[in-house]
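Colleague: One letter stands for each residue in the lines below.
Protein chains: 2
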Amino acid sequence: MKTGLYLIPTTLGSFDTVNQVLPDNNNQITHQIKFFIVEQIRTARRFLKKINHPVEIDDMTFYELNKHTDKNMISHYLDAAKEGESLGLISEAGTPCVADPGSVIVRMAHERGIDVFPLVGPNSIILSLMASGFNGQSFAFNGYLPLDKGQRAKKIQQLEALAYRNNQTQIFIETPYRNSVLLDALITHCKPSTMICVASNLTLDDQYVKAMSRTQWAKEKVALKKKPTIFLVSKP
Amino acid sequence: MKTGLYLIPTTLGSFDTVNQVLPDNNNQITHQIKFFIVEQIRTARRFLKKINHPVEIDDMTFYELNKHTDKNMISHYLDAAKEGESLGLISEAGTPCVADPGSVIVRMAHERGIDVFPLVGPNSIILSLMASGFNGQSFAFNGYLPLDKGQRAKKIQQLEALAYRNNQTQIFIETPYRNSVLLDALITHCKPSTMICVASNLTLDDQYVKAMSRTQWAKEKVALKKKPTIFLVSKP
Numbered sequence: 498m499k500t501g502l503y504l505i506p507t508t509l510g511s512f513d514t515v516n517q518v519l520p521d522n523n524n525q526i527t528h529q530i531k532f533f534i535v536e537q538i539r540t541a542r543r544f545l546k547k548i549n550h551p552v553e554i555d556d557m558t559f560y561e562l563n564k565h566t567d568k569n570m571i572s573h574y575l576d577a578a579k580e581g582e583s584l585g586l587i588s589e590a591g592t593p594c595v596a597d598p599g600s601v602i603v604r605m606a607h608e609r610g611i612d613v614f615p616l617v618g619p620n621s622i623i624l625s626l627m628a629s630g631f632n633g634q635s636f637a638f639n640g641y642l643p644l645d646k647g648q649r650a651k652k653i654q655q656l657e658a659l660a661y662r663n664n665q666t667q668i669f670i671e672t673p674y675r676n677s678v679l680l681d682a683l684i685t686h687c688k689p690s691t692m693i694c695v696a697s698n699l700t701l702d703d704q705y706v707k708a709m710s711r712t713q714w715a716k717e718k719v720a721l722k723k724k725p726t727i728f729l730v731s732k733p
Numbered sequence: 498m499k500t501g502l503y504l505i506p507t508t509l510g511s512f513d514t515v516n517q518v519l520p521d522n523n524n525q526i527t528h529q530i531k532f533f534i535v536e537q538i539r540t541a542r543r544f545l546k547k548i549n550h551p552v553e554i555d556d557m558t559f560y561e562l563n564k565h566t567d568k569n570m571i572s573h574y575l576d577a578a579k580e581g582e583s584l585g586l587i588s589e590a591g592t593p594c595v596a597d598p599g600s601v602i603v604r605m606a607h608e609r610g611i612d613v614f615p616l617v618g619p620n621s622i623i624l625s626l627m628a629s630g631f632n633g634q635s636f637a638f639n640g641y642l643p644l645d646k647g648q649r650a651k652k653i654q655q656l657e658a659l660a661y662r663n664n665q666t667q668i669f670i671e672t673p674y675r676n677s678v679l680l681d682a683l684i685t686h687c688k689p690s691t692m693i694c695v696a697s698n699l700t701l702d703d704q705y706v707k708a709m710s711r712t713q714w715a716k717e718k719v720a721l722k723k724k725p726t727i728f729l730v731s732k733p
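So the protein sequences, as listed, match chains F and S.
Once you know that position 62 of the first sequence is 559 in our numbering, the rest is easy, because the numbers rise by one and skip nothing.
Once you know that position 228 of the second sequence is 725 in our numbering, the rest is easy, because the numbers rise by one and skip nothing.
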């Protein structure tokens, strides 16, 4: 195995699906790593246990990277690479560095000439784009929309305009408990024939994916509460 | 297994890496499917053989979907779903419906109330984004840039402006034999401190990933010819 920084995906939702959504090869690589940069140590430990990491948890080193992390601490996180050790960057859910804070570590790796190896795993943005039937030759992920009602309405209309003008699928997310509020806002502010796709709990048994026009959504009843959901908007 | 349209990823590059980049579960699902919509029948057959599909190739049904396909034929492609059969959509490389023509089939599935199940697999856009260290909370995939020199220069500057204004990572591709021409154009037209990432042959043994400023790229020698490559541009 080449030495470097490995970007290690986890599952979406419960770790019970590790064997369903992650290639065996990821485990073989991860089993050889003892230094990990993680969003939450507790979650990462549970994940490593689930994939039967052969090293005792106490013999591993964990560095935490989340919004509470002191930015001055980060500069030491990759020091093990100097000793020829590989490191693993693990996300709370899905692929690291996409819609999460991991990219700062990857940037540091490039600056220090440490090789970076992204491993394959579930990414809810790409899975939802595949499942939407919307244009996959041009698309944009926009993260969260503004919380303020007026600003959110404006942003929705801006993104809708982009979807039409550039035939570019517009993708965004919301904190799960506000999913229904966002869907209502899309129904209120999009044009009648604009296509909206809602994709919840991807890769899980109760996956929900539906793509239809705003007019059709207005007649739909759907319970999105607390379910990780991706929203996509497209021209008809 | 639920009945529906399954979106089945293949490898990037040689099919020898099927066990490295695809979850076992994909095979278990694919082994139960006998109807496939594919870009090239020959490639799809090789893939199904590689994953040890238990059904004889002659007992499977293949529908071709590529730029030569008569659009009037497509409306029959999902008919097997009426008989309770599942179908599989397979791409030439990586995940279907992203940077390939598959989405038209998914759209048809939604119109007919057929459930759509995206499976996990390697997607070079997401892998390159992870590996770049660039912003993964906002990004856009733009497909191919214009061929015409003047228009391409203009497009590069437009995308660079977007990267700065919205802190949105801009991603694009080129036909492999023109990779070096595109990199030269980026070096010529981007601002000195603009960050450029070049990611070739992801998931393969000779993977190449480098992210640095335009100024640093100007001093770099790199052979990208014929290698599938993703280009990413970010503000510093």
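Heads up, a few of these hints could be off.
The list treats identical chains as interchangeable, and a pair is accepted whether it falls inside one copy or across any two copies.
Below, simulated DMTMM-like cross-link-like pairs (lysine to aspartate or glutamate); rule was C-alpha separation at most 25 Å, straight line [said to hold, decoys possible]:
| hint | residue 1 | residue 2 |
| --- | --- | --- |
| 1 | Lys718 | Asp612 |
| 2 | Lys547 | Asp521 |
| 3 | Lys546 | Asp521 |
| 4 | Lys688 | Asp556 |
| 5 | Lys722 | Asp521 |
| 6 | Lys651 | Glu582 |
| 7 | Lys723 | Asp556 |
| 8 | Lys546 | Glu608 |
Just so you know, these hints were derived from the structure itself, not from any lab.
All of these numbers come straight from a predicted model, not from anything done at the bench.
Colleague: Determine for every hint whether it applies to the structure shown.
Modeller: So, going through the hints one by one against the coordinates:
With identical chains, the CA atoms of lysine 718 and aspartate 612 are at most 25 Å apart between copies only, with a shortest distance of 17 Å across copies and 48 Å within one. Within a single copy, lysine 547 and aspartate 521 get their C-alpha atoms as close as 13 Å, and across copies as close as 17 Å, so both meet the 25 Å cut-off. In this assembly of identical chains, lysine 546 and aspartate 521 lie within 25 Å of each other by CA distance both inside one copy and across copies; the values are 15 Å within and 20 Å between. In the homo-oligomer, the alpha carbons of lysine 688 and aspartate 556 never lie at most 25 Å apart, since the shortest distance is 57 Å inside one protomer and 46 Å across protomers.
Neither within a single protomer nor between protomers do lysine 722 and aspartate 521 lie at most 25 Å apart by alpha-carbon distance, with minima of 33 Å and 31 Å respectively. Proximity of lysine 651 to glutamate 582 under the C-alpha cut-off of 25 Å is found in neither arrangement, the shortest distances being 49 Å within a copy and 44 Å between copies. In this assembly of identical chains, the alpha carbons of lysine 723 and aspartate 556 never lie at most 25 Å apart, being 36 Å within a copy and 44 Å across copies at closest. Neither within a single protomer nor between protomers do lysine 546 and glutamate 608 lie at most 25 Å apart by alpha-carbon distance, with minima of 32 Å and 43 Å respectively.
Of the hints listed earlier, those the structure fails to meet are numbers 4, 5, 6, 7, 8, in rising order.
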